[in-house]
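Go by the hints and put chain Z onto chain H.
2 protein chains.
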Amino acid sequence: MAFHYPNGRLYQPTNKKQVEDKQTKKINHRSLKNNSSVIYGNRGMTLEQAINESNNYYLAVKRAVIHKKPIPIQIVDVSYPKRSAAVIKEAYFKKASTTDYNGIYKGKYIDFEAKETKNKTSFPLSNFHSHQIEHMKACRDLGGICFTIVRFSSTDELFILPFNLLLKYWNEKDFARKSIPKKEIEKVGVKLKNSISPPIQYLDGIDLLYNL
Amino acid sequence: MAFHYPNGRLYQPTNKKQVEDKQTKKINHRSLKNNSSVIYGNRGMTLEQAINESNNYYLAVKRAVIHKKPIPIQIVDVSYPKRSAAVIKEAYFKKASTTDYNGIYKGKYIDFEAKETKNKTSFPLSNFHSHQIEHMKACRDLGGICFTIVRFSSTDELFILPFNLLLKYWNEKDFARKSIPKKEIEKVGVKLKNSISPPIQYLDGIDLLYNL
Numbered sequence: 679m680a681f682h683y684p685n686g687r688l689y690q691p692t693n694k695k696q697v698e699d700k701q702t703k704k705i706n707h708r709s710l711k712n713n714s715s716v717i718y719g720n721r722g723m724t725l726e727q728a729i730n731e732s733n734n735y736y737l738a739v740k741r742a743v744i745h746k747k748p749i750p751i752q753i754v755d756v757s758y759p760k761r762s763a764a765v766i767k768e769a770y771f772k773k774a775s776t777t778d779y780n781g782i783y784k785g786k787y788i789d790f791e792a793k794e795t796k797n798k799t800s801f802p803l804s805n806f807h808s809h810q811i812e813h814m815k816a817c818r819d820l821g822g823i824c825f826t827i828v829r830f831s832s833t834d835e836l837f838i839l840p841f842n843l844l845l846k847y848w849n850e851k852d853f854a855r856k857s858i859p860k861k862e863i864e865k866v867g868v869k870l871k872n873s874i875s876p877p878i879q880y881l882d883g884i885d886l887l888y889n890l
Numbered sequence: 679m680a681f682h683y684p685n686g687r688l689y690q691p692t693n694k695k696q697v698e699d700k701q702t703k704k705i706n707h708r709s710l711k712n713n714s715s716v717i718y719g720n721r722g723m724t725l726e727q728a729i730n731e732s733n734n735y736y737l738a739v740k741r742a743v744i745h746k747k748p749i750p751i752q753i754v755d756v757s758y759p760k761r762s763a764a765v766i767k768e769a770y771f772k773k774a775s776t777t778d779y780n781g782i783y784k785g786k787y788i789d790f791e792a793k794e795t796k797n798k799t800s801f802p803l804s805n806f807h808s809h810q811i812e813h814m815k816a817c818r819d820l821g822g823i824c825f826t827i828v829r830f831s832s833t834d835e836l837f838i839l840p841f842n843l844l845l846k847y848w849n850e851k852d853f854a855r856k857s858i859p860k861k862e863i864e865k866v867g868v869k870l871k872n873s874i875s876p877p878i879q880y881l882d883g884i885d886l887l888y889n890l
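Residue numbers (this note's numbering), protein chains in the order written: chain H, 679 to 890; chain Z, 679 to 890.
These are calculated hints, taken from the structure and not from any lab test.
Zero decoy hints are in this set.
Heads up, simulated SDA-like pairs for lysine to any residue below, C-alpha to C-alpha not over 20 Å straight-line:
hint, chain 1, residue 1, chain 2, residue 2
1, H, Lys773, Z, Ile753
2, H, Lys784, Z, Lys815
3, Z, Lys773, H, Gln752
4, Z, Lys767, H, Tyr758
5, H, Lys772, Z, Glu726
6, Z, Lys773, H, Asn734
7, H, Lys767, Z, Ile753
8, H, Lys767, Z, Val754
9, Z, Lys767, H, Ala764
10, Z, Lys773, H, Glu731
11, Z, Lys772, H, Asn730
12, Z, Lys772, H, Gln752
13, H, Lys747, Z, Val754
14, Z, Lys747, H, Ile753
15, H, Lys740, Z, Gly821
16, H, Lys815, Z, Arg741
17, H, Lys772, Z, Ile753
18, H, Lys746, Z, Gln752
19, H, Lys773, Z, Leu737
20, H, Lys740, Z, Glu812
21, H, Lys773, Z, Gln752
22, H, Lys773, Z, Asn734
23, H, Lys767, Z, Pro759
24, H, Lys747, Z, Ala774
25, H, Lys773, Z, Glu731
26, Z, Lys772, H, Val756
27, H, Lys740, Z, Arg818
28, H, Lys772, Z, Val765
29, H, Lys784, Z, Asp819
30, Z, Lys772, H, Glu726
31, Z, Lys773, H, Ala763
32, H, Lys773, Z, Ile751
33, Z, Lys772, H, Pro759
34, H, Lys815, Z, Ala738
35, H, Lys740, Z, Asp819
36, H, Lys773, Z, Pro759
37, H, Lys767, Z, Ile751
38, Z, Lys784, H, Ile823
39, H, Lys740, Z, His809
Pulled out of the complex, with its shape left as it was, chain H reads as follows:
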């Protein structure tokens, strides 16, 4: 089946045009020009797709309401053609001041990022910028549950990295190492199993980690 954009242009998947970046990347629409590496354990989904589908599942079974936030953009020019949808003609990506996902689970405020790395033995802190750390710290201080879903793409392993562990390494990064050892994430975090429905059962990991 062919899909068309509101302007009538044919939709063409862009995978073939995409180029891989070198080390690690954030999995969101900003990486349009990068290749989103595929989670083979999850029927060809990217990490973002797998999390979104998990969130849809959790919403459908009324277990949690968690959404990915839209990409922040700065709109510069919009045209309003007659009898047709408004078209954004010029806009720019803005740096996110918060994390990608938030919502509610068991009455708790949930706030997290999803990241993946091609590194085999550690997770680079360069995956975060200071605004995101500050945001998660502020949420944690008010009683929120903050974490990162980390994927090691070389082994297709998924972990929940609790915010407190991330913060410990973040605070030390200027005079110590600039990445979190995978062994530490295995010890302090929770390893997630791939499953069918939802693709990533991360709330089970949250139950375990935070005694919910």
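For chain Z alone, kept in the frame of chain H given last:
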């Protein structure tokens, strides 16, 4: 001082070009082509600006972490000029499946919309679409605090409309009235005072309404 967009074009405020719409409207960037009516009690700010500034204040004093979500858009075409920021060349506004604001306050998940009406005696339910009602219902059922900040622009009055009152009228709208009487909002909700800092002290209203 002159501001320039990343492409070098001069920033020009668009107020003068804007046209007022007839009855009510949602205050967000979608209303770029509409005039955002000004809250005179709030030093010329729109409702959205006043809420955003209040959220910045609450964040600064560590009372709450609440953000407006970015406008959901569907990106169709992006160009990546060399040595310059990526430019979105074609994109469309998408219908929001959630509300505009969410975050954490006193350990609770907070979720709300901001709307204004030029009506004098009632608040039209046409300000909402069913996805937003479903979203707030799901959040409430999981223990979240959901509400709408309603502004009656003719009198510059602000109220917190609790979700339960909205839902009551929403459920009856197909065989009864299609708006909520202002008197009912005054009785069941909380009237908010304009102030200097934050411009809208809506968390005080939340404390009162939900015994926090």
